[in-house]
Amino acid sequence: MAVKAFSDEWATKFKDEVNRSSVYKSAAKGWKWTVGLVVEAEPDKNFPESKGVVMDLFDGSARDIKVGPAAEAQKCDFVITAPYSRWKQVATKELDATKGMLQGKLKLKGDLPTIVRYTKASQEMTECTTRVPVEWPDEK
Amino acid sequence: MHDAGAGRMARRKVATQKPVEYADVEPSAFASMLGGLIEANVESRPEKRKDFDSLAARVGIFVTDIDEGVTLDFQRGHLVVHNGLAPKRDLTIRAEAGTVMNLSNLKIGLFGMPVYYDEVGRGVAAKLVRGKLRIDGLLGNLATLNTVTRIFSVQ
Chain W
1 MAVKAFSDEW ATKFKDEVNR SSVYKSAAKG WKWTVGLVVE AEPDKNFPES KGVVMDLFDG
61 SARDIKVGPA AEAQKCDFVI TAPYSRWKQV ATKELDATKG MLQGKLKLKG DLPTIVRYTK
121 ASQEMTECTT RVPVEWPDEK
Chain Y
1001 MHDAGAGRMA RRKVATQKPV EYADVEPSAF ASMLGGLIEA NVESRPEKRK DFDSLAARVG
1061 IFVTDIDEGV TLDFQRGHLV VHNGLAPKRD LTIRAEAGTV MNLSNLKIGL FGMPVYYDEV
1121 GRGVAAKLVR GKLRIDGLLG NLATLNTVTR IFSVQ
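Top to bottom, those sequences are chains W and Y.
For the first sequence, position 37 matches number 37 in our numbering, and the numbering has no gaps at all.
For the second sequence, position 136 matches number 1136 in our numbering, and the numbering has no gaps at all.
The set of hints was computed from the structure by calculation and includes no laboratory data.
Note that this is a predicted model, so its numbers are computed, not measured.
All C-beta atoms, glycine included, are put in the ideal place defined by N, C-alpha and C.
Among the clues, some could well be false.
As the list claims (entries may be wrong) - Some chain W residues well away from chain Y (every beta-carbon gap over 12 Å; in silico):
no., residue
1, Met-1
2, Ser-7
3, Glu-9
4, Lys-32
5, Ser-50
6, Pro-69
7, Glu-72
8, Gln-89
9, Lys-140
Stated by the list, open to error - Keeping only pairs whose Cα atoms sit at most 25 Å apart, straight-line, the calculated PhoX-like set for lysine-lysine is:
no., chain 1, residue 1, chain 2, residue 2
10, Y, Lys-1018, W, Lys-107
11, Y, Lys-1132, W, Lys-93
12, W, Lys-29, W, Lys-75
13, W, Lys-105, W, Lys-93
14, W, Lys-29, W, Lys-120
15, W, Lys-120, Y, Lys-1132
16, W, Lys-109, Y, Lys-1018
17, W, Lys-32, W, Lys-107
18, W, Lys-140, W, Lys-45
19, W, Lys-29, W, Lys-99
20, W, Lys-120, W, Lys-109
21, W, Lys-109, W, Lys-32
22, W, Lys-93, W, Lys-25
23, W, Lys-99, Y, Lys-1107
24, Y, Lys-1018, Y, Lys-1050
25, W, Lys-4, W, Lys-105
26, W, Lys-120, Y, Lys-1107
27, Y, Lys-1107, W, Lys-29
28, W, Lys-66, W, Lys-140
29, W, Lys-120, W, Lys-93
30, W, Lys-75, W, Lys-105
31, W, Lys-99, Y, Lys-1132
32, Y, Lys-1107, W, Lys-32
33, W, Lys-25, W, Lys-109
34, W, Lys-25, Y, Lys-1107
35, Y, Lys-1127, W, Lys-93
36, W, Lys-99, Y, Lys-1127
37, W, Lys-140, W, Lys-93
38, W, Lys-75, W, Lys-32
39, Y, Lys-1127, W, Lys-120
Excised from the complex, chain W in its bound form:
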């Protein structure tokens, strides 16, 4: 059943997908930093307020993923920021996250050598988002 984009239910399903992925488990071995996704508001897309996704990821598993204010996500070790519609493109496989970062469509803050070392893990994490059926607010 589809869940509302960037809701608490979505966070739970996303966390389950990450923890089900053997690819992520092996590619993210040694990862010990928090990751925040900032989803910027786009009122014209029926997404009126910015949200933050805070991911507590440790050594190949997701210990916690929760949705809250954008300010919480901005405190994480790594922060990726983009407007709502860009995140939707990533989650629907219209935009490859690596390409998005190189093009500046997704803005990354954090230690670059570390994130590059875990490219495969971040690609798999993106794959996990695509496996969560989502009800998008601009498609209602």
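Starting from the known structure of chain W, fit chain Y onto it as the hints suggest.
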């Protein structure tokens, strides 16, 4: 006396100069990412700093699936990153975004040579064989390519 003072000034300038600078007022996201990656590498890893201090070459990197490139102008201890492919390059690497990221994940093995026999290395070598990774100017610049790979590698 005058000359001695000028010498001190020159040394101070070198000590405070950032290792990486950008030629363009608004560096592209790709330029900022590569420049930031190299800067973090040379500032945290002495062996990369040594390579960085010895390298003088102009290297172009073009990402074929986003149509964006940068030129890395290494000037022995200083790097100027240009948006796009600038003229007079010694080497030009052309590949898809994923392959460019994999290049920076190549492990460095014996004698400072990139490792092409592990999973990442085999992937990069396969792209080279299939023409999905093209390196223009390789002839005569193999040592430069290896040095750039070492500076670029996060492993």
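Verification of the hints:
Listed as outside the interface, Met-1(W) is consistent with that label: its C-beta sits roughly 33 Å from the nearest C-beta of chain Y, beyond the 12 Å cut-off. For Ser-7(W), the requirement that its beta carbon stay farther than 12 Å from each beta carbon of chain Y is met, with the minimum near 30 Å. No Cβ of chain Y comes within 12 Å of the Cβ of Glu-9(W); the nearest lies about 32 Å off, and the non-interface call holds. Residue placement check: Lys-32(W) keeps its beta carbon more than 12 Å from all beta carbons of chain Y (closest about 16 Å).
Even its closest Cβ contact with chain Y, about 21 Å, leaves Ser-50(W) beyond 12 Å, as expected for a residue assigned away from the interface. Against chain Y, the non-interface label of Pro-69(W) holds: every CB pair exceeds 12 Å, the least being about 26 Å. At the 12 Å boundary, the C-beta of Glu-72(W) stays outside the reach of chain Y, the nearest C-beta of that chain being 25 Å off. No beta-carbon of chain Y comes within 12 Å of the beta-carbon of Gln-89(W); the shortest separation is about 14 Å.
Under the 12 Å C-beta cut-off, the non-interface status given to Lys-140(W) relative to chain Y holds; the minimum distance is some 32 Å. Distance check on the hinted pair: Lys-1018(Y) and Lys-107(W) sit about 23 Å apart at the alpha-carbon level, within 25 Å; holds. Distance check on the hinted pair: Lys-1132(Y) and Lys-93(W) sit about 22 Å apart at the alpha-carbon level, within 25 Å; holds. In summary, the hint linking Lys-29(W) to Lys-75(W) is supported, as the alpha carbons are separated by about 23 Å, within the 25 Å threshold.
For the hint pairing Lys-105(W) with Lys-93(W), the CA-to-CA distance comes to about 14 Å; that is within 25 Å, so the pair holds. Restraint check for Lys-29(W) and Lys-120(W): satisfied, since their Cα atoms lie roughly 11 Å apart, inside the 25 Å limit. As the CA atoms of Lys-120(W) and Lys-1132(Y) are separated by approximately 19 Å, the hinted pair is consistent with the 25 Å bound. For the given pair, Lys-109(W) sits about 20 Å from Lys-1018(Y) by alpha-carbon distance, which is consistent with the 25 Å threshold.
Of the supplied pair hints, the one linking Lys-32(W) and Lys-107(W) holds, its CA atoms being roughly 21 Å apart against a limit of 25 Å. Of the supplied pair hints, the one linking Lys-140(W) and Lys-45(W) holds, its CA atoms being roughly 10 Å apart against a limit of 25 Å. The hinted pair formed by Lys-29(W) and Lys-99(W) meets the criterion: a straight-line CA distance of about 24 Å does not exceed 25 Å. About 18 Å separates the Cα atoms of Lys-120(W) and Lys-109(W), which keeps this hinted pair within 25 Å; it holds.
Of the supplied pair hints, the one linking Lys-109(W) and Lys-32(W) holds, its CA atoms being roughly 16 Å apart against a limit of 25 Å. Proposed proximity of Lys-93(W) and Lys-25(W) is supported: the alpha carbons are some 21 Å apart, at most 25 Å. Taking the CA atoms of Lys-99(W) and Lys-1107(Y), the gap is about 23 Å. The hint holds against a cut of 25 Å. For the hint linking Lys-1018(Y) to Lys-1050(Y), the alpha-carbon distance of about 16 Å falls within 25 Å, and the restraint holds.
Between Lys-4(W) and Lys-105(W), the direct Cα distance comes to roughly 23 Å. Compliance with the 25 Å bound is thereby established for this hinted pair. Taken as a hint, the Lys-120(W) and Lys-1107(Y) pair is honoured in the structure, with Cα atoms around 15 Å apart against an allowance of 25 Å. Pair hint Lys-1107(Y) plus Lys-29(W) holds up; C-alpha atoms about 17 Å apart against a cutoff of 25 Å. Between the alpha carbons of Lys-66(W) and Lys-140(W) the distance comes to roughly 24 Å, so the proposed pair stays at or under 25 Å and holds.
Taking the CA atoms of Lys-120(W) and Lys-93(W), the gap is near 16 Å; set against the 25 Å cutoff, the hint holds. Straight-line distance between C-alpha atoms of Lys-75(W) and Lys-105(W) comes to about 21 Å, which keeps the hinted pair within the 25 Å bound. Taken as a hint, the Lys-99(W) and Lys-1132(Y) pair is honoured in the structure, with Cα atoms around 16 Å apart against an allowance of 25 Å. At roughly 21 Å between alpha-carbon atoms, Lys-1107(Y) and Lys-32(W) fall within 25 Å of each other, so this suggested pair holds.
Distance check on the hinted pair: Lys-25(W) and Lys-109(W) sit about 23 Å apart at the alpha-carbon level, within 25 Å; holds. Between Lys-25(W) and Lys-1107(Y) the alpha-carbon distance is near 21 Å, which keeps this suggested pair within the 25 Å criterion. Between Lys-1127(Y) and Lys-93(W) the CA atoms are separated by roughly 23 Å; this keeps the pair inside 25 Å, and the hint holds. Annotation: proposed proximity of Lys-99(W) to Lys-1127(Y) holds, straight-line Cα distance about 18 Å (limit 25 Å).
About 20 Å separates the Cα atoms of Lys-140(W) and Lys-93(W), which keeps this hinted pair within 25 Å; it holds. Note on Lys-75(W) and Lys-32(W): the hinted pairing holds, with a Cα-Cα distance of about 15 Å set against a maximum of 25 Å. This hinted pair checks out: Lys-1127(Y) and Lys-120(W) have alpha carbons roughly 17 Å apart, not beyond 25 Å.
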